[in-house]
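Please model the complete structure; the sequences and the hints are all you need to start from.
Each chain is listed here by its residues.
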Amino acid sequence: MSITLDQVTKHYGGAPVVNDVSLSIGDGEFFVLLGPSGSGKSTLLRAIAGLAGIDHGRIELHGRDVTHVAARKRGVGLVFQNYALFRHMTVAENIEFALRVRRMRARARRERRQELLRLVALEGMDERLPAQLSGGQQQRVAVARALAHKPEVLLLDEPFGALDAKIREELRRTIRQVQRELGITTVLVTHDQEEAFAMADRIGIMNLGRLLEVNAPHELYARPATRFVATFLGAANLILARRTPDGIQVGATTVAPEERASGERENEVVAVVRPEDVELAADRESLGCGFLANAVADEIVFTGALERLRLRLEAGAQASLLSSSDGETHSALQVTRTQHERRALEVRPGQAVAVGVRRVHLLPTPLSSFTACAMDEADTERLSQQGLLLMLAQRMKTRVGMRVEPQLGQPEAPCQGGDTFVGTTVIAAGAQAAARAEWLLRRGAHDLLVMPADAAPPQRVLIHWIGEAARGATLAIAASLLRHVPAEAVYVGIVAGDAQAPSPQGMRELLDARSEAKAAHGLEMRTELHFGAAEAGLARRLADNPGQMLILGLCDLAGFPSRLGALLDGRWPVLIVHRGTP
Amino acid sequence: MSFRAPSVLPGFGLTFGFTTFFLSTIVLLPLAALVLSATSMHWADFVHTVFSARALGSYRLSFGASLLAASVNVVFGFVIAWTLTRYEFPGRKLIDALIDMPFALPTAVSGIALTTVFAQNGWIGRYLEPLGIKVAYTWLGVTLALTLISMPFAVRAVQPALLEVQRDLEDAAETLGAGRFYVFRRIILPTVLPALLTGFTLAFARAVGEYGSVIFISGNLPMKTEITPLLIVIHLEQFDYQGAAALGLVMLVISFVMLLTINLLQAWGRRRYVRTGH
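Order-wise, the sequence lines are chains F and X. Counting in this note's numbering, the first sequence runs from 15 upward without gaps. Counting in this note's numbering, the second sequence runs from 20 upward without gaps.
These are computed hints drawn from the structure, not numbers from a lab. Possibly wrong hints are sitting among the right ones.
A partial selection of chain F residues facing chain X, derived with a Cβ cut-off under 7 Å [as the list claims (entries may be wrong)]:
id, residue
1, 67
2, 92
3, 436
Ranges of calculated distance between the beta carbons of each label pair, as one might list FRET restraints [claimed, not checked]:
id, chain 1, residue 1, chain 2, residue 2, range
4, X, 183, F, 52, 19 to 29 Å
5, F, 232, X, 185, 20 to 30 Å
6, F, 178, X, 286, 32 to 42 Å
7, F, 540, X, 186, 26 to 36 Å
Derived list of chain F stretches under chain X, where covered just means 3 residues or more per stretch with a C-beta under 8 Å from a C-beta of chain X [what the hints assert, rightly or not]:
id, segment
8, 305 to 311
9, 481 to 487
Don't be surprised by glycine CBs; every beta carbon is placed ideally from N, CA and C.
Next up, the structure:
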């Protein structure tokens, strides 16, 4: 491996900018770090270069631990967005800078320089000053300069940001060519997905300091694992669907999923439908694929090769469509069609069409939607407007539904809203919370978020489960939540007994939990060990610092209110993951 | 001769007229009067006044101390400007404001304050005395006073240039293998060199013309701690206007030659630095 990152973390003023990133990049690989601005990708690149120190973790270059090695001794080449050429030096002096530092002989320097200028197609420009070159030429000089000392790794920080489209294209090709010719391991940072697709062998997508997914470009596009990646890479329609024994029920149709997930039970899932996988026809019968719903064309934009449409689905199906872009009041189904498809069926605004889906991809996410639940309309409404809940829903591109249960918490009383619970149910924290939580869990709710009225986004999420049966689900939900929250994940292991005689069983569980989180969910977490009773230990740990949240897995509801009352009294948010018998 | 097309301010004729008028009335006319006054002397008198041992001593002190003060200020002005631009610390704004104090203070006040501190029984002077270092009433005191009053010029000239040195340049040099000293010598210094020269020029020019603060701390011993401006005043007090003018003319010529040299050096440096256009 050329570059190995292990749990690299960097904090800036308390909040993590790079959060537990582990990654291996192979020899000669062209790796692209893609993410929106502020996602921590540039900081990570600077950490690899040695220009930014890290608070935690390890960085290896070609098997050598360079975590504490100065930038000048790491042997990397770095290219900056603004070129960063030395303006008082000629092109020749710029390129020879690294060689001069290494006291190379003038003749050898000249030869190396000419070789590099040929490589970036700038022969004969030796005596020019940077001010006399165009932006594209300056960036070529910067690339040549970064390669002069034959670094083992080439790092490019948004190198095309300041260039116009045509030059950008040309320079992209040059860099890819140079990279292939030299076989040098390269990491490029960008926020431009087209650039990432065009250049990468593999893409790593970052958001809120976390490395969410790493895969080959076409794999990431076809089979994203997270909502963020699905909507960040190209356009995507997110549709709430139901997993049933027969397949995935999306709208009016049931499709067999591409990959048979290990479906434990019938539940709500999020389906991704790419705009180009939607088929339109005049009526249901003439569709060549599974029927989704009837729809009305809202907006049609002609963009040359493709036609972009936005459709409003009929009432029932419209409700399951999630808004895929921020700040959109009503969601629309996005469709792109080729000229060929357009000729087969012309669609005008206002026209009714039948919508079919050719391909559905399911997100392996256990957190699909939220439902606020309280005893009357007003309380439910207030709870659904809670700041942290809205932030989570917006980041996860999902919705907050409402459910009124007038007899919430009264023993023996039945549910008013039927006994199916979808997604995560949210109740208000407080003195009544434990009784209400038990009431809901016993009536079929699986995931329950107990939310204090004034809860702020957590900086640290503590994870614990009581009973091994809840382990898998708890880890999956924690991983899903943490992809959308810039917080630190900490697994709290609690071992019965005391510190003098820790049971080997507890230690093993701790290590198992960590490796399972990493392997199955790509979740990096720190681990802590406490001794004594679980509930008391968790309460103590949560009271230590403000800004913490608990994800608690449970199998057994016996003695629920008395055991957990103190945890649900409103000092912090708690997400209860219940698996096992109700 | 061709002139650039006008920019924001209209009327090249008008602005050029103003420029020449201002320069003439404020700078050139008084200087011409000085020259005229000096040239009306007899040659022998002129030589006698200008090359007297006392005058020569005062030149040496005036220009020597000024050069020394300007050099000290370039070095420490750079350090101060560096601290102010590169670091964020409590009280930074306050220190930044303090830099300008010598601008605003009447120079006589600075002189008196320095004398109080550095006299043999002053706060600092009393500890230097046993070490055999005398500051007040020696050339050291003169240099100190000149350093104080010319310090802001050096700092303020370098500060904007340092702000413009991109951190990326240093980062780039570092990834290419350069150590700190190398980065400083090959990247930072060349970039701020023009500004450093400007700072030097301004500080030097200010120091040569200084009078108020020096006379308090120098003790004014002829041949030892007497600066040329003071000698001129002494001539004036004896109603020897021509003698004063002659000394003034010498200062003028030396200053002009020195400033011209520095400016030419700077222009040469700048040409090397940004050779624009094809």
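Hint-by-hint comparison with the structure:
1. 67: Constraint on residue 67/F not satisfied, violated at 13 Å.
2. 92: holds, 4 Å
3. 436: Hint violated; residue 436/F Cβ to chain X Cβ min 51 Å, cut 7 Å.
4. 183/X with 52/F: 19 to 29 Å: With a Cβ separation near 26 Å, residue 183/X and residue 52/F satisfy 19 to 29 Å, so the hint holds.
5. 232/F with 185/X: 20 to 30 Å: Given range 20 to 30 Å: violated, Cβ gap about 38 Å.
6. 178/F with 286/X: 32 to 42 Å: holds, 35 Å
7. 540/F with 186/X: 26 to 36 Å: Holds: the Cβ-Cβ distance is about 32 Å, inside 26 to 36 Å.
8. 305 to 311: Three-residue rule not met by the segment 305 to 311 of chain F, so violated; n is 0.
9. 481 to 487: Coverage by chain X is violated here, the residue count being 0 at a Cβ distance below 8 Å.
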